[in-house]
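There are 2 protein chains.
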Amino acid sequence: MEKEKIDKRDHILDVAERIFAEYGFDGASTRLISGEAGVNMAMLNYYFGSKEGLLIAIFERRTSTFHSLIRDIGKNENTSSWQKVEEYVNAYLDRVFNNNCFQKVIHQEMAVKRTGELADKVIQMIMQNVLEFRKILHEGIEKGEFGKDTDTDMVVATLFGIKSQLVNAPQIASIMLGYDTQDAQNIDEKLKPRVNNYLKKLLKAYLLVENDNDH
Amino acid sequence: MEKEKIDKRDHILDVAERIFAEYGFDGASTRLISGEAGVNMAMLNYYFGSKEGLLIAIFERRTSTFHSLIRDIGKNENTSSWQKVEEYVNAYLDRVFNNNCFQKVIHQEMAVKRTGELADKVIQMIMQNVLEFRKILHEGIEKGEFGKDTDTDMVVATLFGIKSQLVNAPQIASIMLGYDTQDAQNIDEKLKPRVNNYLKKLLKAYLLVENDNDH
DNA sequence: CAAAGTTAATCAAACGATTGATTAACCATT
DNA sequence: AATGGTTAATCAATCGTTTGATTAACTTTG
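The listed protein sequences derive, respectively, from chains L and E.
Per this note's numbering, residue 1 is the first one in the first sequence, and the count goes up by one each step.
Per this note's numbering, residue 1001 is the first one in the second sequence, and the count goes up by one each step.
For the record, the hints were derived by calculation from the structure and aren't laboratory data.
Ideal placement from N, C-alpha and C gives every residue a C-beta, glycine not left out.
Be a bit skeptical, because a hint or two may be false.
In the DSSO-like style, the derived pairs of lysine-lysine whose C-alpha atoms are separated by at most 30 Å in a straight line are [stated by the list, open to error]:
no.	chain 1	residue 1	chain 2	residue 2
1	L	K192	E	K1201
2	E	K1008	L	K200
3	L	K200	E	K1190
4	E	K1135	L	K190
5	E	K1200	E	K1135
6	L	K148	L	K201
7	E	K1121	L	K200
8	E	K1201	L	K135
9	E	K1190	L	K192
10	E	K1113	L	K190
11	E	K1148	E	K1201
With the C-beta cut set under 8 Å, the calculated list includes, among others, these residues of chain L facing chain E [stated by the list, open to error]:
no.	residue
12	Y88
13	K121
14	I123
15	M125
16	V130
17	T158
18	N168
19	A169
20	L177
21	Y179
22	Q182
23	A184
24	D188
25	P193
26	V195
Given these sequences and hints, build the entire structure.
Structure below.
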């Protein structure tokens, strides 16, 4: 009939990612996941070993094609630090809004106390993002482009925080903005450009101070 | 021996709030909660009816003495809109950082798909905060104090987002800032003043635009 | 080509463990 | 003795996982 399973393993990962995002890792049962995916329960363990193995597989699929996007931005010597910030924000928002469910899963995983290899991997991945962005900011300060008293860590927290507020609390965001912020079309046409525009005005106002630092 | 139960019900709520914050609602078992609280499992159902009843009780305890704090700020006619923003940020950060665990519980609850009376209550409570802050911002725009193209919803998302990033992803925040952001002393002496200072610089730079709007 | 052997994929059924909740007996204070 | 608090024991339900059997496709052998 339809495309009829390009790859069943990948299909399971898609469904599981969505279910984990909606119900949380502990709230999502293997029966619900396998049911939604239309596969037998045993297939989850057959492919991924365990429920946690399924989560790890979700994580690794997203991180495999991940670092190539950001890495290049910091290197370009011709652009100003502010331009790099703009490029980074662009790339970051693109990636975040296109991996909606995955972002929710990651954030939920960071919110709960959990040990094991996965927890470390998640932290490591996020910190890679943090460091990349912070480096751009520090360069801007050194070049005198940004204010010397710029709180780089808080700027990073601002970018990540706005994202988590819009992505991880979609019900609040939808009520606030007046439309469904989960809908793919709304995200591309309304939400993404708006956040992009706002973030650049906000960061430009904060970062590009004109010689007077205090008061 | 010790103070020996000022109020056992309240003690259970304290412990449950902490456990829910650490493990999530679904990840925290009633046995773990009762064990940590040092009470029999049946006591949870005796006092609160059910596990969800326990969560509701946690929620209602925090919201009972809640609205009196913010309500007064918006009314003062003598202060400027910017001063109101400063006061609101002060009050908000105080409340948020002092109810660390509760904030995590609320945010985790917003992240998962859940129906029932509690979900609506949570949304209603958060929206009350949103509207209160947004009103201040709108007044500032009307008075010409803030830029006409100010994106008030995004400003709200910024405040809430930074909070959720620092409170709900404490592991990332701790690594970024270089100290334990869960420690009460660090929160009061380091984190809170830093966030407060940053937020005011950030919002001042964005909100108080000097006559030139675009470019 | 055909028969035998091998493999991965899939399934229904069941496993032991844990979940939230309930019971009935017990203790304490009045 | 009666009330409200407390307990250990137990409940049915659900959890993640495992099992043994079956299917289908491919490889090897004669």
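Results for each hint:
1. Distance hint between K192/L and K1201/E is fulfilled; the C-alpha atoms sit about 25 Å from each other, no more than 30 Å.
2. The suggested pairing of K1008/E with K200/L is violated, with an alpha-carbon distance near 51 Å, which exceeds 30 Å.
3. For the hint pairing K200/L with K1190/E, the CA-to-CA distance comes to about 28 Å; that is within 30 Å, so the pair holds.
4. Proximity of K1135/E to K190/L is assessed by CA-CA distance (about 23 Å); at most 30 Å being required, the pair is judged to hold.
5. For the given pair, K1200/E sits about 18 Å from K1135/E by alpha-carbon distance, which is consistent with the 30 Å threshold.
6. In summary, the hint linking K148/L to K201/L is supported, as the alpha carbons are separated by about 19 Å, within the 30 Å threshold.
7. At most 30 Å may separate the alpha-carbon atoms for a hinted pair to count; K1121/E and K200/L exceed this at roughly 34 Å.
8. A distance of roughly 21 Å separates the Cα atoms of K1201/E and K135/L; the hinted pair therefore holds under the 30 Å criterion.
9. Annotation: proposed proximity of K1190/E to K192/L is violated, straight-line Cα distance about 34 Å (limit 30 Å).
10. Proximity of K1113/E to K190/L is assessed by CA-CA distance (about 24 Å); at most 30 Å being required, the pair is judged to hold.
11. The suggested pairing of K1148/E with K1201/E holds, with an alpha-carbon distance near 19 Å, which does not exceed 30 Å.
12. Nearest Cβ of chain E to the Cβ of Y88/L: about 17 Å, over the 8 Å cut. The hint is violated.
13. Against a cut-off of 8 Å between C-beta atoms, the interface hint on K121/L is violated, since the closest Cβ of chain E lies about 13 Å away.
14. The restraint placing I123/L at the interface with chain E holds, with a minimum CB-CB distance near 6 Å, inside the 8 Å limit.
15. Look at M125/L: its Cβ only gets to about 11 Å from chain E, farther than 8 Å, so that hint breaks.
16. At about 6 Å, the closest approach between the beta carbon of V130/L and any beta carbon in chain E falls short of 8 Å, and the interface hint on this residue holds.
17. Against a cut-off of 8 Å between C-beta atoms, the interface hint on T158/L holds, since the closest Cβ of chain E lies about 6 Å away.
18. For N168/L, the suggested interface contact is upheld, since its CB lies about 5 Å from the closest CB of chain E, less than 8 Å.
19. Taking 8 Å as the C-beta cut-off, the interface hint given for A169/L holds, the closest approach to chain E being about 5 Å.
20. Because the closest C-beta pair between L177/L and chain E is about 6 Å apart, less than 8 Å, the hint holds.
21. At about 12 Å, the closest approach between the beta carbon of Y179/L and any beta carbon in chain E exceeds 8 Å, and the interface hint on this residue is violated.
22. With a least beta-carbon distance of about 11 Å to chain E, the hint placing Q182/L at the interface is violated under the 8 Å criterion.
23. At a threshold of 8 Å, the smallest CB-CB gap from A184/L to chain E is about 18 Å, leaving the interface hint violated.
24. With a least beta-carbon distance of about 18 Å to chain E, the hint placing D188/L at the interface is violated under the 8 Å criterion.
25. Because the beta carbon of P193/L sits about 12 Å from the nearest beta carbon in chain E, more than 8 Å, this interface hint is broken.
26. Because the beta carbon of V195/L sits about 7 Å from the nearest beta carbon in chain E, less than 8 Å, this interface hint is met.
Checked against the numbered hints listed earlier, the structure breaks hints 2, 7, 9, 12, 13, 15, 21, 22, 23, 24 and 25; every other hint is satisfied.
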